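Chemist: Each residue of the sequence shown is one higher than the last, beginning at 1 in our numbering.
Treat the hints loosely; a few may be bogus.
[Said to hold, decoys possible] Straight-line alpha carbon distances no greater than 30 Å define the calculated BS3-like cross-link-like pairs of lysine-lysine that follow:
{"hint": "1", "residue 1": "Lys-245", "residue 2": "Lys-230"}
{"hint": "2", "residue 1": "Lys-230", "residue 2": "Lys-165"}
{"hint": "3", "residue 1": "Lys-79", "residue 2": "Lys-126"}
{"hint": "4", "residue 1": "Lys-91", "residue 2": "Lys-79"}
{"hint": "5", "residue 1": "Lys-118", "residue 2": "Lys-79"}
{"hint": "6", "residue 1": "Lys-91", "residue 2": "Lys-44"}
{"hint": "7", "residue 1": "Lys-235", "residue 2": "Lys-245"}
{"hint": "8", "residue 1": "Lys-118", "residue 2": "Lys-91"}
{"hint": "9", "residue 1": "Lys-126", "residue 2": "Lys-91"}
These aren't lab readings, by the way, just hints derived from the structure by calculation.
Predicted model, so just to flag it, every value in this text is computed and none were measured.
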Amino acid sequence: MAQVFGRQHVGAIFLAALTIWSGPAVAAPGDAGIPTAELAPHYKGGKEGHAYTRAMLELGMRTGAATTAALRNDPERIKVALRSLREQMVKVGAMVPSWRPYFRTNLIDELESAVTAKADMATRRKIVSRFENSCTNCHARFMFQVQAQYRWGSFATAVVQVGGKELTFHQLMLDLASSLGAVRGDVESGQLTDARAAYQRLMDHFSMMEQLCANCHDQPRQYFIDSSVKAHLYKMGGLLRRGEKQVSEYTPLFNDVNEMSCMPCHQVHMPAAFLQRNALEGKP
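Work out the full structure, taking the sequences as your base and the hints as a guide.
Modeler: Encoded structure:
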């Protein structure tokens, strides 16, 4: 079912494509590149609904403790830390059987043997680096697909109600970008009446998005839609009200809105949005 928001939910951000709908871990399209049948039981949503993520975070903490200990001369502490890391590796590997080969403990065993043999620091460091690289390689291949699937909700089902009709979130982002571009184009053409109308559409869409940010996030979101971004938009409106026709007066405002709001928001949200889109369309 589509997530529907009324027009009174007003709100934020210049995304020129897809943007956030971050809720319970449901409704995102399945990614054929990850074992969703095995992962899904560990991502049921809610406060305790991200068991795999929590297990991975715990693995990271134990990895940091073990590798740091291995590079120090404290044999007993090293053994305890490596034993704890090995236990967590086995636990996490069992949670998603298809990925168990990524959680082999052979490098932990090798590091423990190096410690027992009193290998020099350079040898230990090389083993630690190989272990860290094995983590990085797996994360690079799968982490963002998993986050797009489970840590974000579905971008595709987020819509707003405008005039009794549904407007997709994607289309709203495109409309925001179009309105901003229209303001500049109309000013360049000397059509200030049209520019004011485009500016009003821009502010309406921005206002609709602002509350959507609040609805989607558990914590308040200030960046991308904060007072400094709004101040630039208000200055733009002020120039239009006084009949300013020189595009050069508007240019710094256009540039700052793009660089302070649009671009950084895209950098945060678009990777997940397009991973979902590609999965929905069966693209790699």
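Chemist: Evaluate each hint against the coordinates.
Modeler: Verification of the hints:
1. Lys-245 <-> Lys-230: Given that 30 Å is the threshold and the Cα spacing comes to 21 Å, the pair holds.
2. Lys-230 <-> Lys-165: 27 Å, holds
3. Lys-79 <-> Lys-126: 18 Å, holds
4. Lys-91 <-> Lys-79: 18 Å, holds
5. Lys-118 <-> Lys-79: 13 Å, holds
6. Lys-91 <-> Lys-44: 19 Å, holds
7. Lys-235 <-> Lys-245: 14 Å, holds
8. Lys-118 <-> Lys-91: 29 Å, holds
9. Lys-126 <-> Lys-91: 25 Å, holds
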